[in-house]
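A.B. asks: Residues per chain are reported as follows:
Number of protein chains: 2
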Amino acid sequence: MNLRVRDLSICTGSISIAILNTADAAKLDLHYADRILIRKGSAKIVASIDITTTSEFVLPGEIGLFEEVYKKLAAKDGDIVEVHLAEKPKSLVFIRQKLMGERLSPEQMKCIVDDIANDRLTDIEITYFVAACSTQELDSNEIVSLAKAMVNTGKVLKLKSKIVADKHCIGGVAANRTTMVVVPIVAAAGLTIPKTSSRAITSAAGTADTVEVLCDVTLSLEKMKQVVEEHGGCLVWGGSMDLAPADDKIIRVEHPLSLDPIGQLVASILSKKKAVGATHVLVDIPVGRGTKAGTRSKALVLKRKFEKVSKALNMKIKVVITDGSQPIGNGVGPALEARDVLWTLQNSKHSALDLKEKAIFMAGEMLDLTGRTRKGNGHRLARQLLENGTAYLKFIDILRAQGAKVIYPEQIELAAFSEDYKAISGGRVIHVDNGHINKIARIAGSPLDYKAGLYLHVHKGANVKKGQKLLTVYSDSKEKLDFAITACKSLMPVTVSR
Amino acid sequence: MNLRVRDLSICTGSISIAILNTADAAKLDLHYADRILIRKGSAKIVASIDITTTSEFVLPGEIGLFEEVYKKLAAKDGDIVEVHLAEKPKSLVFIRQKLMGERLSPEQMKCIVDDIANDRLTDIEITYFVAACSTQELDSNEIVSLAKAMVNTGKVLKLKSKIVADKHCIGGVAANRTTMVVVPIVAAAGLTIPKTSSRAITSAAGTADTVEVLCDVTLSLEKMKQVVEEHGGCLVWGGSMDLAPADDKIIRVEHPLSLDPIGQLVASILSKKKAVGATHVLVDIPVGRGTKAGTRSKALVLKRKFEKVSKALNMKIKVVITDGSQPIGNGVGPALEARDVLWTLQNSKHSALDLKEKAIFMAGEMLDLTGRTRKGNGHRLARQLLENGTAYLKFIDILRAQGAKVIYPEQIELAAFSEDYKAISGGRVIHVDNGHINKIARIAGSPLDYKAGLYLHVHKGANVKKGQKLLTVYSDSKEKLDFAITACKSLMPVTVSR
Numbered sequence: 001m002n003l004r005v006r007d008l009s010i011c012t013g014s015i016s017i018a019i020l021n022t023a024d025a026a027k028l029d030l031h032y033a034d035r036i037l038i039r040k041g042s043a044k045i046v047a048s049i050d051i052t053t054t055s056e057f058v059l060p061g062e063i064g065l066f067e068e069v070y071k072k073l074a075a076k077d078g079d080i081v082e083v084h085l086a087e088k089p090k091s092l093v094f095i096r097q098k099l100m101g102e103r104l105s106p107e108q109m110k111c112i113v114d115d116i117a118n119d120r121l122t123d124i125e126i127t128y129f130v131a132a133c134s135t136q137e138l139d140s141n142e143i144v145s146l147a148k149a150m151v152n153t154g155k156v157l158k159l160k161s162k163i164v165a166d167k168h169c170i171g172g173v174a175a176n177r178t179t180m181v182v183v184p185i186v187a188a189a190g191l192t193i194p195k196t197s198s199r200a201i202t203s204a205a206g207t208a209d210t211v212e213v214l215c216d217v218t219l220s221l222e223k224m225k226q227v228v229e230e231h232g233g234c235l236v237w238g239g240s241m242d243l244a245p246a247d248d249k250i251i252r253v254e255h256p257l258s259l260d261p262i263g264q265l266v267a268s269i270l271s272k273k274k275a276v277g278a279t280h281v282l283v284d285i286p287v288g289r290g291t292k293a294g295t296r297s298k299a300l301v302l303k304r305k306f307e308k309v310s311k312a313l314n315m316k317i318k319v320v321i322t323d324g325s326q327p328i329g330n331g332v333g334p335a336l337e338a339r340d341v342l343w344t345l346q347n348s349k350h351s352a353l354d355l356k357e358k359a360i361f362m363a364g365e366m367l368d369l370t371g372r373t374r375k376g377n378g379h380r381l382a383r384q385l386l387e388n389g390t391a392y393l394k395f396i397d398i399l400r401a402q403g404a405k406v407i408y409p410e411q412i413e414l415a416a417f418s419e420d421y422k423a424i425s426g427g428r429v430i431h432v433d434n435g436h437i438n439k440i441a442r443i444a445g446s447p448l449d450y451k452a453g454l455y456l457h458v459h460k461g462a463n464v465k466k467g468q469k470l471l472t473v474y475s476d477s478k479e480k481l482d483f484a485i486t487a488c489k490s491l492m493p494v495t496v497s498r
Numbered sequence: 499m500n501l502r503v504r505d506l507s508i509c510t511g512s513i514s515i516a517i518l519n520t521a522d523a524a525k526l527d528l529h530y531a532d533r534i535l536i537r538k539g540s541a542k543i544v545a546s547i548d549i550t551t552t553s554e555f556v557l558p559g560e561i562g563l564f565e566e567v568y569k570k571l572a573a574k575d576g577d578i579v580e581v582h583l584a585e586k587p588k589s590l591v592f593i594r595q596k597l598m599g600e601r602l603s604p605e606q607m608k609c610i611v612d613d614i615a616n617d618r619l620t621d622i623e624i625t626y627f628v629a630a631c632s633t634q635e636l637d638s639n640e641i642v643s644l645a646k647a648m649v650n651t652g653k654v655l656k657l658k659s660k661i662v663a664d665k666h667c668i669g670g671v672a673a674n675r676t677t678m679v680v681v682p683i684v685a686a687a688g689l690t691i692p693k694t695s696s697r698a699i700t701s702a703a704g705t706a707d708t709v710e711v712l713c714d715v716t717l718s719l720e721k722m723k724q725v726v727e728e729h730g731g732c733l734v735w736g737g738s739m740d741l742a743p744a745d746d747k748i749i750r751v752e753h754p755l756s757l758d759p760i761g762q763l764v765a766s767i768l769s770k771k772k773a774v775g776a777t778h779v780l781v782d783i784p785v786g787r788g789t790k791a792g793t794r795s796k797a798l799v800l801k802r803k804f805e806k807v808s809k810a811l812n813m814k815i816k817v818v819i820t821d822g823s824q825p826i827g828n829g830v831g832p833a834l835e836a837r838d839v840l841w842t843l844q845n846s847k848h849s850a851l852d853l854k855e856k857a858i859f860m861a862g863e864m865l866d867l868t869g870r871t872r873k874g875n876g877h878r879l880a881r882q883l884l885e886n887g888t889a890y891l892k893f894i895d896i897l898r899a900q901g902a903k904v905i906y907p908e909q910i911e912l913a914a915f916s917e918d919y920k921a922i923s924g925g926r927v928i929h930v931d932n933g934h935i936n937k938i939a940r941i942a943g944s945p946l947d948y949k950a951g952l953y954l955h956v957h958k959g960a961n962v963k964k965g966q967k968l969l970t971v972y973s974d975s976k977e978k979l980d981f982a983i984t985a986c987k988s989l990m991p992v993t994v995s996r
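If you read the sequences in order, they're chains A and B.
By the count of the numbering used here, the first sequence reaches residue 498 at its end, each step adding exactly one.
By the count of the numbering used here, the second sequence reaches residue 996 at its end, each step adding exactly one.
Honestly, the hints are just simulated from the structure, not real lab data.
Do not take every clue at face value.
[Stated by the list, open to error] Covered stretches of chain A, as calculated for chain B (at least 3 residues, CB under 8 Å):
#	segment
1	131–141
2	245–258
[As the list claims (entries may be wrong)] The list that follows gives simulated cross-link-like pairs (lysine-lysine, DSBU-like), each with its CA atoms no further than 30 Å apart:
#	chain 1	residue 1	chain 2	residue 2
3	B	Lys976	A	Lys40
4	A	Lys27	B	Lys976
5	A	Lys249	B	Lys525
6	B	Lys569	A	Lys76
7	B	Lys721	B	Lys903
8	A	Lys480	B	Lys658
All C-beta atoms, glycine included, are put in the ideal place defined by N, C-alpha and C.
Start from the sequences, fold in the hints, and give me the full structure.
C.D. replies: Structure representation (structure tokens):
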């Protein structure tokens, strides 16, 4: 069938879409989300179709083209294109099988991931895949094939070093900027650690948001490689580098239902590690109220999955289960967390001691895991490198290589308005709630207003007097500050027991 | 946040969509498919958002509005609207629960169906619901709540009669236009049968397509009511009347993966019956090669579900399992099937005897079920009403009430080109394949070219000689006819055993 082009000037950023009139769709026996092959001269493209129900919009004889299709065909408004029914992608059969409870072979998984990475599936179809993996839990073999397929359909980092270290924390703990302290310690010990991080989704700051207070984090893969080869480590945002791109498309459809099936979680994390060439991976699973893993027993299940899949991906792994029942560090929000990191690396009197000790523990585990230190000696070397300032110097080198903006904690600006939230009675702090702390910092404006957030004056176990400062909220508007303080009063993020 | 309106002149026909620039989405902490509340003066609407990744399209400070949103807000290009984050629909929590294997309460099911019917869910979210129902099979209670919710979120037909009969066939059998013979018999017996039918999806013709050869089938609910009150029956297309509208939106997302979970199937059928006020329902489950139910044991499972759910919906039901292993009737394609129906009602020498006998059986069951006849006597009355011409006269009344176009079989035009497909060897016909027969008729052009299709000269059990006509294909183009005959030769829809 020949149709006249109508330019819709719309970019979808995903699968190519074309719009037909109901009459033409009927003639071609096409339904919503069917595929058509559109040809103009030698150019051709497969698009998923939408069908208009009104007569005014795309008329009979016309085809509405979204920007991606329009450009690939080099079409002009009014051009005539040829339209045919196209085959459905093969992967749909496999997605259906998975939904019906069958196991997927590596080839089938590869086919699905390849179609996702190359924008050949619609949102509906990717959703069926995620739903299938949520209800028919992936076994270890399937997770391995998923992870491999995600690596193979994206870019990979190739470094000279034979040993490449990497770390990951499952999340759920407020603040907890351990990575920013671990990377310079590990790099200072002579190891290679090409660290990519994400931005905040539901927390007050992600590692990428926090590093961005100090330097650039949006690097090309080439620039990242250069920084790592020169300084042994980097701290960059992983989202701009096309590492395991299918993963981001899967996460996009997980969001509406806040799904995160265990198989996808493990494949997602380990594929990003494999894509940067990691040979040794340290995974931190915090447990306790409000953490992602929740209980210790759930964390153990997750730990075993990580171990099994890592092995199949040919990466050595150490999974540590840590206490995540309260925030780690004092600052919450990008600027406040970045200041904590600098203070800690400088061994300042303002150091966040919990952050320091966790970072030494993690870095020590990494040094042992890679064989850089003899088993059990890693923690000592990590402490030494942190306390003698070597790690701080390494950090500054990395910041400079990534276009440092700020290197001294005093240079970090906080939001203009602040207010203290105080204890209404004296007693012992028995709980500091991660979820509430993140929520209050977000109400204050973080992570987008990177100067906003809060500073915790107490942690679990502290004894406080009535009227003592529990936390200080920072915000760039008086209104948001008031909202945040009101939220403190209703949420009571710090539980004091008499 | 205030944004400047940009009219995209696009209708989506489903949930309202607005497009934001990445920068504004970040400021509002919004992700793909999140909801926003858009206000302009006193007008407001909730829309799902899409986010542009390019800078050229919807600029920072702008909001791209699809036609539905644009009109409801009475907005003009360049107007300023107010945008806030809107709550997610409550039903998402329940969909997630179902996906995780929990049972849904009637209230939860109602909430989901209500959000679907009122376009408050995105395709991704409806897909999760369908996926959940496919893997976590609905139990009878859930099917009942689903059916009730589908009825309650649409229009309903209210008739005077205390007894309202209805029938449904699960499908998969080529031709099989039993409904068009059963309705006039049942109405001629003095019963009320407000029959709605669907159009073809994968077959060569649906009942609605076939009735449309003879009269109008797109009636308003009011007009339908008038026809039924006057003549006791009607034969209309169910798609235009807003009966159980959520069902159509669910079917739309089932299509890409060709899903049809048993719970949805039962709820879909029985909700449409309940919506027309049916008190007595006859369901036909054909079994055999190529039918939807497949085997007898699967049909029995389905039968029990129908019985349980009907009871809870307060409808008397009879489920019959019939032989669906070959086409019923001789004509395949709207015009050819309509001609079979007229011939059969006229008791012509061209009557399709298998169609006649099946219609008498079905109508007889219905007469017994409703108590119109004493148990076991229905078939006799049905045969009498058909053979003495009463049913034919009733049929003509109904056609006239629906704006009859054709009432004599000789008036039905067939496609201009035809060609016979003949036996390549003599023997006994052991199989006539429903799927292949439908496929060949579709290649010839049906159902869109309603005059196209094929005519079967033989059925299972017939003895044929080499060179004897097995079927005749009709098409309005020589090219399609050639394709269809080539398909006959490769598919061999009629199996002859020596």
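A.B. asks: Indicate, hint by hint, whether the structure satisfies it.
C.D. replies: Status of each hint after checking the structure:
| no. | hint | in the structure |
| --- | --- | --- |
| 1 | 131–141 | holds (count 5) |
| 2 | 245–258 | holds (count 6) |
| 3 | B:Lys976 - A:Lys40 | 27 Å, holds |
| 4 | A:Lys27 - B:Lys976 | 18 Å, holds |
| 5 | A:Lys249 - B:Lys525 | 22 Å, holds |
| 6 | B:Lys569 - A:Lys76 | 29 Å, holds |
| 7 | B:Lys721 - B:Lys903 | 17 Å, holds |
| 8 | A:Lys480 - B:Lys658 | 62 Å, violated |
The structure shown violates just one earlier hint, number 8.
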